[in-house]
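Colleague: Each chain, letter by letter, is given below.
Number of protein chains: 2
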Amino acid sequence: MTWIDIPEGSPFGPENLPLGVFRFGDEEPRIGAAIGDHLIDLAPVASAQMLDGSQLFAEPTLNAFLALGRPAWHATREWLLDLVRNENDRDTVEPHLIPLSAVTMQLPFEVADYVDFYASEQHATNLGRLFRPDSEPLLPNWKHLPVGYHGRAGTVVASGTDIFRPAGQRKPPGADVPAYGPSERLDIEVELGFVVGTPSALGRPVSVGAFEEHVYGVVLVNDWSARDLQAWEYVPLGPFLGKSFATSISPWVVSLEALRGAAVPLPPQDPPVLPYLAGANLVNYDITFEVFWNGQLVSSPPYKDMYWSPAQMLAHLSVNGASVRTGDLFASGTVSGAEQDQRGSFIELTWGGREPLLVNGEERTFLADGDEITISGWATTADGSRIGLGEVTGRITPN
Amino acid sequence: MTWIDIPEGSPFGPENLPLGVFRFGDEEPRIGAAIGDHLIDLAPVASAQMLDGSQLFAEPTLNAFLALGRPAWHATREWLLDLVRNENDRDTVEPHLIPLSAVTMQLPFEVADYVDFYASEQHATNLGRLFRPDSEPLLPNWKHLPVGYHGRAGTVVASGTDIFRPAGQRKPPGADVPAYGPSERLDIEVELGFVVGTPSALGRPVSVGAFEEHVYGVVLVNDWSARDLQAWEYVPLGPFLGKSFATSISPWVVSLEALRGAAVPLPPQDPPVLPYLAGANLVNYDITFEVFWNGQLVSSPPYKDMYWSPAQMLAHLSVNGASVRTGDLFASGTVSGAEQDQRGSFIELTWGGREPLLVNGEERTFLADGDEITISGWATTADGSRIGLGEVTGRITPN
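Residue numbers (UniProt numbering), protein chains in the order written: chain L, 1 to 399; chain P, 1 to 399.
Any given hint might turn out to be false.
[Claimed, not checked] Just so you have them, the derived chain P footprint on chain L, three or more residues with Cβ under 8 Å:
(1) 29-41
(2) 55-63
(3) 189-198
(4) 225-232
(5) 320-334
[Unchecked claim] DSBU-like cross-link-like pairs, simulated, lysine-lysine; straight-line CA separation at most 30 Å:
(6) P:171 <-> L:143
(7) P:143 <-> L:171
(8) L:304 <-> L:171
(9) P:143 <-> P:304
To be clear, the hints were calculated from the coordinates, so they are not data collected in a lab. Glycine included, every Cβ here is placed at the ideal spot set by N, Cα and C.
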């Protein structure tokens, strides 16, 4: 279906066409669409074809494009599909194909507000057991609303950015007072992030049905977490320094349109949700993540069993009249499946550090300096084809 | 000390010179400095005097100015002091004095990340008693670190913006399940906000001693709060929709330099803080707020008794390596004094709604539609002069 040569197993087939921001040599960063091992440098191609708004692809972030809204996103996707399908466009496009190996990918958009949800029942149950062993693991509100909180937008970083080991206060088990030092329980959280394009007005909630009007697409998220800092600080106002040092996102934003074939029904919700969270067509996506610790696969969390749909997250986030802005990012919270090797964080995979994993022959619990974590993700469509989300990677640096 | 006529009791004397963004008729919004009943339209004055960077005053936000850093902030203040003191500048400046009554003030800066602390011991104790009546009011971490969390930057609004009553989930007392509806416990929080100018690098904490390198000045903050939404949602990840619908800030940013004479020593901290929070010159500011409910003074919270200094808040916020950006806003948390009429929220002033206030002859607990809240603030310097922070106001609108 395309004149471009796509290697077997590439995440970026001709139906995917995710957008990202690349830097090529000394040139200004600008927008590309990934296909196979290449990207299409969109600004010159759009300019050659005299496309309306072609200058938006010369911007160093996707924000101006994201602000255009659903009809323009759709038209752009149709244009991209034509470019890669239509042999007649080959002469125009081919000079602007750049190998992915020749570019450095940047943060794809400037993050406005960052919200992190907690939408996996398995993850919330596991963390409840670990953080509050003497109580019911799921708190009374958990099945009534998608619990979430605001994270730090300014420390959302591009895949590949080194992650400084955070320092701060933590209270060693049995100690009377906290001590300062580098985190000893540095962890990951495997998440899916949703990218808002179309803003909403203050005082005007976004209904579950309006999800696709506002959300352009998805990225992979690794919400690095310092469990020792978090455990000491988080009562009563929630996680703060345990999370705010860095959140890595993947460089390629995969559109909801590309994911459409991978939509699956939401698992049943019991008790029934309040009307503002209810909808006839609530979906999840059939996405599988893979977590590589220094190259070794250690977990494969499935997205499709998440309790809350992203449309419910957005409806909840805005039900109080909070507006959303272009560049808002909201993430699902850690994705954990029912099986041991489907858990999306090391605190779960090692059960609080008590059951080490064997990584390249060594017993491991939390992250050591020099460790590299790569998370990849694939959506599987109803007809069995795959839409890749690419990967998000980061290496721990001592601080 | 100035050739400009300043009315008795004006918050904006010749030593204050706060900066803000105004709109005058159909003209583009730009930056002014308040003095008495007027503002100085800075762009044409700076341009006439061929000041370096004069075009920054024609920007619609203070961000570019804030990014210049402490030496430029100081030079600008010296220039402004000269303008208002020096009779020779009168001919240049006078044509660019605009009455405050003729302009509309805008949000003074684009907010990057918004963090809200919880730094008043009296407030944290009061809220602990109200939210967790069966436990110790202050949690074990409270005196070891300035507890804080991230708020929603995109819903920080200019003073004067109508506040839509938020709707959402809350669980009525005695009910088994939550119900959806407009908040019935809509409240205020009187806070002081600190505005970051100079950014810091990821992985590089800002020491307590570097506070004035990074923070330009202060604004008044009203962190509107829906107590019923908050009570149901906040465990375990902290406040979210109970706060995210709106946070109002005052239009005039008062510089730390202008506040210098109002600095007072921090009250003793016991237990001693960890070294990264310790410093020889930790200060508070002698600021008194006044809260007007439909014009009636109902509370006068004092800032000077706050437990944590703003330099400690910034050092804590960044100790994990989190970077700060130009436009970051961090607020003190509700300011409450020891006396009943010094409490900075209605949940405290009415003790959870059980002890109504008499407002214009009526018994009142939480906010009704149409209510208007105005918070003003004054710093008092060691020599008894006053530096006004102006006011922040908002009116509740049904939604």
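Colleague: Among all the numbered hints in the text so far, which are the ones the structure does not match?
Modeller: 1, 2, 3 and 8
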